[in-house]
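Could you build all of it, start to finish, from the sequences and the hints given here?
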Amino acid sequence: MGIHKLMSLIDEKAPDAVKEITLDTLTGKKVAIDASMCIYQFLISTQTLKQGFGVTELRDKDGNLTGHLVGILNRTLSLLDHGIKPIWVFDGKAPQLKAGELEERKEKKKEAKEKMDQLMEEGKDDEAAKMAQRSIRVTPEMTEDAKKMLRLCNIPMVEAPSEAEAQCAQMVKDELAFATVTEDMDALTFGTTVLLRGFGNRKDPIRQITLSKVLEGFEMSMDEFIDLCILCGCDYTSSISGIGPVKAFKYITQYKTIEEVLEVLEKENTKSKSATKKRYQIPEEFLYKESRAFFNEPDVTKKEDLEEFKWGTPEEEALTKFLTEEKGFSEVTVNNALKKFKKTKGKANQKRLDTFFKMGTKKSTSKVTKTKAAVKSKGKKSFK
DNA sequence: CACGGCCA
DNA sequence: TGGCCGTGG
1 MGIHKLMSLI DEKAPDAVKE ITLDTLTGKK VAIDASMCIY QFLISTQTLK
51 QGFGVTELRD KDGNLTGHLV GILNRTLSLL DHGIKPIWVF DGKAPQLKAG
101 ELEERKEKKK EAKEKMDQLM EEGKDDEAAK MAQRSIRVTP EMTEDAKKML
151 RLCNIPMVEA PSEAEAQCAQ MVKDELAFAT VTEDMDALTF GTTVLLRGFG
201 NRKDPIRQIT LSKVLEGFEM SMDEFIDLCI LCGCDYTSSI SGIGPVKAFK
251 YITQYKTIEE VLEVLEKENT KSKSATKKRY QIPEEFLYKE SRAFFNEPDV
301 TKKEDLEEFK WGTPEEEALT KFLTEEKGFS EVTVNNALKK FKKTKGKANQ
351 KRLDTFFKMG TKKSTSKVTK TKAAVKSKGK KSFK
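The UniProt record's numbering numbers the first residue of the first sequence as 1 and each following residue consecutively.
Hint data in this document are derived by calculation from the structure and do not stem from the laboratory. Hints may be right or wrong, so weigh each one.
[Claimed, not checked] Here are the simulated BS3-like pairs of lysine-lysine, each with C-alpha atoms no more than 30 Å apart in a straight line: (1) K93 to K109; (2) K50 to K130; (3) K124 to K50; (4) K19 to K29; (5) K256 to K13; (6) K289 to K93; (7) K310 to K347; (8) K347 to K203; (9) K148 to K342; (10) K29 to K93; (11) K50 to K106; (12) K148 to K347; (13) K13 to K267; (14) K98 to K302; (15) K50 to K115; (16) K247 to K5; (17) K345 to K147; (18) K5 to K108; (19) K250 to K213; (20) K147 to K113; (21) K347 to K173; (22) K250 to K5; (23) K130 to K115; (24) K347 to K321; (25) K124 to K110; (26) K5 to K93; (27) K130 to K61; (28) K113 to K148; (29) K61 to K106; (30) K256 to K19; (31) K113 to K93.
[As the list claims (entries may be wrong)] Derived Cβ-Cβ restraints for the label pairs, each shown as a range: (32) Q281 to G198: 31 to 41 Å; (33) D305 to S272: 45 to 55 Å; (34) V246 to E307: 37 to 47 Å; (35) K345 to E290: 39 to 49 Å; (36) K50 to S330: 15 to 25 Å.
Every value quoted in this text rests on a predicted model; they were computed, and no experiment measured them. Beta carbons are placed, not taken as given, at the ideal position from N, Cα and C, and that holds for glycine.
So, in structure tokens, the structure goes:
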């Protein structure tokens, strides 16, 4: 999932690219959130282990999972409370390149489910719980419920043509958002200038990773970085056995491209042929060129084809109806959420105004806003 | 995921 | 006061 062990490589080779921050430092900023990733995490974190009864989840009366709705609602409110404007980005059609990876995941989930059932029968509850986490599948219905809730909240939402992380990265490049919020490191490979991770654990600080500083620390160009990521192991092709993040880093540093690295590896293989078996197994279909092309030019919607983002107030009646009547939320919970929405209304703008005055003269700042707004939004103000 | 309750 | 646990949905 994502890029195998890229984070440990960054920690080691480019520690300056990582900054520990709090939510307050993001006040006034917009962030693009990888919704698919969050949904999965929320579903896991709302599972509970009941001794003797196995794993229970949050469900509505029809048995549909609802933990992701709880999570998305709470996270949205927490961000708004800090004056941060969320844009939820959903996966579209999976790219053809990912078919193999998805098939593999499906198989693993099936295995996990079978193991879980077996462990349950044996009464090994906590081991079963681990398997239950692995067997979670996000269905189209769950995604639709999440989208519906966000629409009723009047919180911006983007349906990506393909990969959500790629769409997030594009939005950050287009300056529609400050950063991509995800645990999936390939957002960096797609070129997000800033990645935020660690929103899950309340205890640990959020980590802000800056792409330019990663490249600086790695002493690599973006092209080299993409090749490094593919060698480390990405979702779009199988990788070379015998090559992990450490060797990938060494070889790309030395030889710059996968083509060159492959030549070297083949030489090394023939050298060691007589001694033992082949050291490096290059997959039959090593789709590094296709993967590289996809990282460079994924299917995304660019700024000019996106609707302007607006952070409005919830459709109170319809939202209440949906969450209480269909999704089993208590009225108290929904009312509290609505209250929080009201409390946080205008918070981002208010705090932005504070920094606006702190920053200096009106003249200089309005110049900046003007140039930004003038890019494509025909007279309409992009800020509100 | 957040919240309330319980206990050191 | 702050960490852990059960519940909610």
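Would you list, in rising numerical order, the hints stated earlier that this structure does not obey? Going through the list in order, the structure violates no hint and respects every one.
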